[in-house]
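A.B. asks: Letter by letter, the chains look like this.
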Amino acid sequence: MPLRILLIDTDAERARALEEKLSQSGFAEILRSPAGPSLAETLERTRPDLVIIDMALPDRDVLEDIRGVSAAHPIVMFAGGDDPAFAEEAIAAGVCSYNLSGVALQDLKPIMASAIALFRRYRRVEDELAAAKALLEERRLIERAKAILMQGRKMTEPAAYRWLQKKAMNENRKLAQVVAEFVAQHDADAASQRAERKQP
Amino acid sequence: MSDIVALSAARKAAAPKMRIGLLRLADGAPVIVAHELGFFADEGIETELVIEPSWANIADKLTFGFLDAAVIVPPLAFAVSLGIRGPAQPLVIPYTLSAGGNTVTLGRRLAEEVKEHSRRDGLTTVEALAACLRGRDLTLGIVHAYSTHNLLLRYWLATAGIEAGRDVRLTVVPPAQAVEALTAGQVAGFCAGPPWGEMARRAGVGATVATSRDIWQNAPEKALTVRTRWAEEQPEKLTAALRALLRAARFCDDPENAAYTAALLSRRKYLDVTPHAILAALPGGKRTGPDKGCVFFRGAATFPWRSQGLWFLSEMRRWGLVDASVDLRALAERIYRPDLYRGAMAPLGEPVPAGDWKHEGAHDAPWTVEAAPAPIALPADRFCDGAVFDPEAVPRPGKPVASALHKI
Numbered sequence: 022m023p024l025r026i027l028l029i030d031t032d033a034e035r036a037r038a039l040e041e042k043l044s045q046s047g048f049a050e051i052l053r054s055p056a057g058p059s060l061a062e063t064l065e066r067t068r069p070d071l072v073i074i075d076m077a078l079p080d081r082d083v084l085e086d087i088r089g090v091s092a093a094h095p096i097v098m099f100a101g102g103d104d105p106a107f108a109e110e111a112i113a114a115g116v117c118s119y120n121l122s123g124v125a126l127q128d129l130k131p132i133m134a135s136a137i138a139l140f141r142r143y144r145r146v147e148d149e150l151a152a153a154k155a156l157l158e159e160r161r162l163i164e165r166a167k168a169i170l171m172q173g174r175k176m177t178e179p180a181a182y183r184w185l186q187k188k189a190m191n192e193n194r195k196l197a198q199v200v201a202e203f204v205a206q207h208d209a210d211a212a213s214q215r216a217e218r219k220q221p
Numbered sequence: 008m009s010d011i012v013a014l015s016a017a018r019k020a021a022a023p024k025m026r027i028g029l030l031r032l033a034d035g036a037p038v039i040v041a042h043e044l045g046f047f048a049d050e051g052i053e054t055e056l057v058i059e060p061s062w063a064n065i066a067d068k069l070t071f072g073f074l075d076a077a078v079i080v081p082p083l084a085f086a087v088s089l090g091i092r093g094p095a096q097p098l099v100i101p102y103t104l105s106a107g108g109n110t111v112t113l114g115r116r117l118a119e120e121v122k123e124h125s126r127r128d129g130l131t132t133v134e135a136l137a138a139c140l141r142g143r144d145l146t147l148g149i150v151h152a153y154s155t156h157n158l159l160l161r162y163w164l165a166t167a168g169i170e171a172g173r174d175v176r177l178t179v180v181p182p183a184q185a186v187e188a189l190t191a192g193q194v195a196g197f198c199a200g201p202p203w204g205e206m207a208r209r210a211g212v213g214a215t216v217a218t219s220r221d222i223w224q225n226a227p228e229k230a231l232t233v234r235t236r237w238a239e240e241q242p243e244k245l246t247a248a249l250r251a252l253l254r255a256a257r258f259c260d261d262p263e264n265a266a267y268t269a270a271l272l273s274r275r276k277y278l279d280v281t282p283h284a285i286l287a288a289l290p291g292g293k294r295t296g297p298d299k300g301c302v303f304f305r306g307a308a309t310f311p312w313r314s315q316g317l318w319f320l321s322e323m324r325r326w327g328l329v330d331a332s333v334d335l336r337a338l339a340e341r342i343y344r345p346d347l348y349r350g351a352m353a354p355l356g357e358p359v360p361a362g363d364w365k366h367e368g369a370h371d372a373p374w375t376v377e378a379a380p381a382p383i384a385l386p387a388d389r390f391c392d393g394a395v396f397d398p399e400a401v402p403r404p405g406k407p408v409a410s411a412l413h414k415i
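Residue numbers (the working numbering), protein chains in the order written: chain D, 22 to 221; chain L, 8 to 415.
It cannot be assumed that every hint is accurate.
[Claimed, not checked] Chain L side only, calculated, beta carbon under 8 Å to chain D, not exhaustive:
{"#": "1", "residue": "60"}
{"#": "2", "residue": "61"}
{"#": "3", "residue": "62"}
{"#": "4", "residue": "63"}
{"#": "5", "residue": "64"}
{"#": "6", "residue": "92"}
{"#": "7", "residue": "150"}
{"#": "8", "residue": "151"}
{"#": "9", "residue": "178"}
{"#": "10", "residue": "179"}
{"#": "11", "residue": "181"}
{"#": "12", "residue": "193"}
[Stated by the list, open to error] Listing some non-contacts, in silico: residues in chain D with all C-beta distances to chain L over 10 Å:
{"#": "13", "residue": "37"}
{"#": "14", "residue": "44"}
{"#": "15", "residue": "54"}
{"#": "16", "residue": "66"}
{"#": "17", "residue": "145"}
{"#": "18", "residue": "146"}
{"#": "19", "residue": "160"}
{"#": "20", "residue": "171"}
{"#": "21", "residue": "172"}
{"#": "22", "residue": "177"}
{"#": "23", "residue": "189"}
{"#": "24", "residue": "192"}
{"#": "25", "residue": "204"}
{"#": "26", "residue": "212"}
{"#": "27", "residue": "215"}
Hints listed in this document are in silico derivations from the structure and should not be mistaken for laboratory results.
Cβ atoms here follow ideal geometry from the backbone N, Cα and C, with glycine treated the same way.
Take the sequences, apply the hints, and build the full model.
C.D. replies: Here's what the structure looks like:
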């Protein structure tokens, strides 16, 4: 899947050159946007993976707001006549932000490639984290379901686990799904029983 | 060997200046005045002012050490210190630069509607605005998520039962683009610092319906923030800078200097707008009616009250901008540094408040605060809903809130 890059640069010449280079590389789909108050709207509509923006534009505050609220985390790259050392510091600190001023266009490809690698790594870490969280949640639910069975039906632990596995197999569904449903059902039953007991 | 010596000497010579970042806003006046009128130089420090296009630039450059200090909205200083908008960088606030000055400016038709509604039905401005906003899916602009503007506007709207996100959309519009956004209809109104409300009026697209003081009288606004490391490494420079700023604050607060200050700020390298628009926001700058703009000196406006820092933090928590696990009081104490202020000003014989905390919003009328060597007269500090903010009432994590149950 090509990376969607939104390019916001008031320097038309530089923007055109950048666009050409990035398109040639084949890994990017370039979207152009004018600077200005419609940026939030444009981002909403295009949902880019990466934003390259002239650091001299106040629109960075708009991006920051969007970065803060959206899970897509567009990465901002700075282009502009700023101190190149600034970009180095930013990158060293793990911000995927670059300064492209003074960079010859033939050098752009490796810079872009490393930015994208950084971005992909970030995405992967996020994905791994989400997967790990899901796994933990699944384990927790299995433990709860087993406990419910052991207590309610006087099963041993291995028997409880086999029971759950068999249920999943019979229903031809994933264990995680079956267990989540089982625990939710149990909790709902317990809650309604409590409510009934409270009735005079 | 000599090369190394030369190199390190060159390094030292390369960054002797205190680099202070600011945006194109009138409430940074004391910093520009202190620089241009040589107040910093008189105190023996060289300064370089850097006009940045965005709060994001200010925050990033502070983070990576490309600025030593900046004019900042205090919530952003907290956000940078906590690392919730990028890498963390410890900052301190040893000085408050201004009070008041923000405007809630609406598109002309909406402003008319609000005024008409308020007149006809005897509603307060915010009640009338609330009535106009309900069911309309309108968008209002704020200058940054971690801004005083976001917190003040939300506070004000909430007093009339309007919740941002539910009844009205808030979107970030950089102050210098606010007029354009209003003209294009991208926002129905905005809350921003001076001179942008006045610029909208001059452009014929907007009208101001409220200012900071309609939300919180004498509301603290911009602050000087300094990288903690810089402040620790050169305490004398910091002291010198604060003294120069106090002198500039006194200058900017004098109505006689308003025209001069406005002309200075209007230069192309600073605000680059007509001086008349800036003048309206300066003390004494309005020919008629009471001042509704910035305060730079009067009423201990320069003192970094920890209770004000904690108010910002409590509001940030209220709107989910700060995690529940953060010890707000400890954070307010770490970043707001009245001790540094006192250290700089006390030897000058300047009256300095004796305490670091006060109840915010407790005074309907001018009052006097205990200070050394002499008490200071403070202005009224009421919130629009009459609430009183007691810093002691802010819950601390780890300490269970004493409830009625514990007393049985």
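A.B. asks: Checking against the hints above, which ones are violated?
C.D. replies: Of the numbered hints, all hold.
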